[in-house]
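Counting in UniProt numbering, the sequence shown runs without a single skipped number right up to 158 at its last residue.
Rather than coming from a laboratory, the hints here were simulated on the basis of the structure.
All values derive from a computational prediction rather than experimental measurement.
Glycine residues also receive a C-beta, built at the ideal position from the N, C-alpha and C atoms.
Treat each hint with caution, since some may be false.
The calculated lysine-lysine pairs, modelled on DSS-like cross-linking and capped at a C-alpha distance of 27 Å, are [said to hold, decoys possible]:
1. Lys-87 to Lys-2
2. Lys-129 to Lys-154
3. Lys-110 to Lys-148
4. Lys-129 to Lys-87
5. Lys-41 to Lys-95
6. Lys-148 to Lys-96
7. Lys-148 to Lys-87
8. Lys-2 to Lys-48
9. Lys-91 to Lys-148
10. Lys-96 to Lys-48
11. Lys-2 to Lys-91
Quick list of the computed label-pair ranges, beta carbon to beta carbon [to be verified]:
12. Phe-38 to Val-151: 32 to 38 Å
13. Thr-147 to Val-105: 18 to 24 Å
14. Asn-93 to Ala-34: 30 to 36 Å
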Amino acid sequence: MKIRFLTTGGTIAGLDYELKKKTQISIEDFFRSANVSFFYKIESAFEKDSRFISDADRDLLVDRIGLADENKIIVTHGTLTMVDTAKYIGKFNLKKTIVIVGSFVLGSSKDTDAPFNLGYAICSLQFLKPDVYVAMNGCIFHWNNVTKNLVTNKFEQL
1 MKIRFLTTGG TIAGLDYELK KKTQISIEDF FRSANVSFFY KIESAFEKDS
51 RFISDADRDL LVDRIGLADE NKIIVTHGTL TMVDTAKYIG KFNLKKTIVI
101 VGSFVLGSSK DTDAPFNLGY AICSLQFLKP DVYVAMNGCI FHWNNVTKNL
151 VTNKFEQL
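Sequences and hints are given; from them, build the entire structure.
Structure, rendered in structure tokens:
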């Protein structure tokens, strides 16, 4: 299995935009500790707080996904606009399996949910048919049936 990872910044990368704190962690840091044995390529698309991701940034993601040799793609993303990006990419019918994942707790924090969410996304990617999904809270959501509940701080079906 070959997976392309496209990173966009966000909490999963350990970027705290509120405190302007940048204790960045990479996906490879998680992979080293997990001793993964699949082939992957990590590519930085951009590094932004997801509140400031624009449709031009989403177009860049669509282009990068389309040009990728791999048919299995994981996009790391901030949780605030993850659903918007999933819906944007989903409308393009790219014929690849794309999972968008993030974390609620800084990836650089000891108590982060980032490794769990990332591992869950990788596992799910292996069994999903081509389309766009959001992987959070131990669940997979199709791009046209997901919302972020700001009260419970969880992703849910519409």
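Cross-check of the supplied hints:
1. Distance hint between Lys-87 and Lys-2 is fulfilled; the C-alpha atoms sit about 24 Å from each other, no more than 27 Å.
2. At most 27 Å may separate the alpha-carbon atoms for a hinted pair to count; Lys-129 and Lys-154 meet this at roughly 24 Å.
3. Straight-line distance between C-alpha atoms of Lys-110 and Lys-148 comes to about 24 Å, which keeps the hinted pair within the 27 Å bound.
4. Our distance criterion of 27 Å between C-alpha atoms is met by Lys-129 and Lys-87, whose separation comes to about 17 Å.
5. This hinted pair checks out: Lys-41 and Lys-95 have alpha carbons roughly 19 Å apart, not beyond 27 Å.
6. Between the alpha carbons of Lys-148 and Lys-96 the distance comes to roughly 24 Å, so the proposed pair stays at or under 27 Å and holds.
7. The straight-line distance between the Cα atoms of Lys-148 and Lys-87 is roughly 13 Å, inside the 27 Å bound, and the hint therefore holds.
8. About 26 Å separates the Cα atoms of Lys-2 and Lys-48, which keeps this hinted pair within 27 Å; it holds.
9. For the hint linking Lys-91 to Lys-148, the alpha-carbon distance of about 19 Å falls within 27 Å, and the restraint holds.
10. Taking the CA atoms of Lys-96 and Lys-48, the gap is about 24 Å. The hint holds against a cut of 27 Å.
11. A distance of roughly 24 Å separates the Cα atoms of Lys-2 and Lys-91; the hinted pair therefore holds under the 27 Å criterion.
12. Judged by the Cβ atoms, the range 32 to 38 Å given for Phe-38 and Val-151 holds: they are separated by roughly 37 Å.
13. Roughly 21 Å separates the CB atoms of Thr-147 and Val-105, a value that falls within the hinted 18 to 24 Å.
14. Distance hint check for Asn-93 and Ala-34: the Cβ-Cβ separation is about 32 Å, which falls inside the suggested range of 30 to 36 Å.
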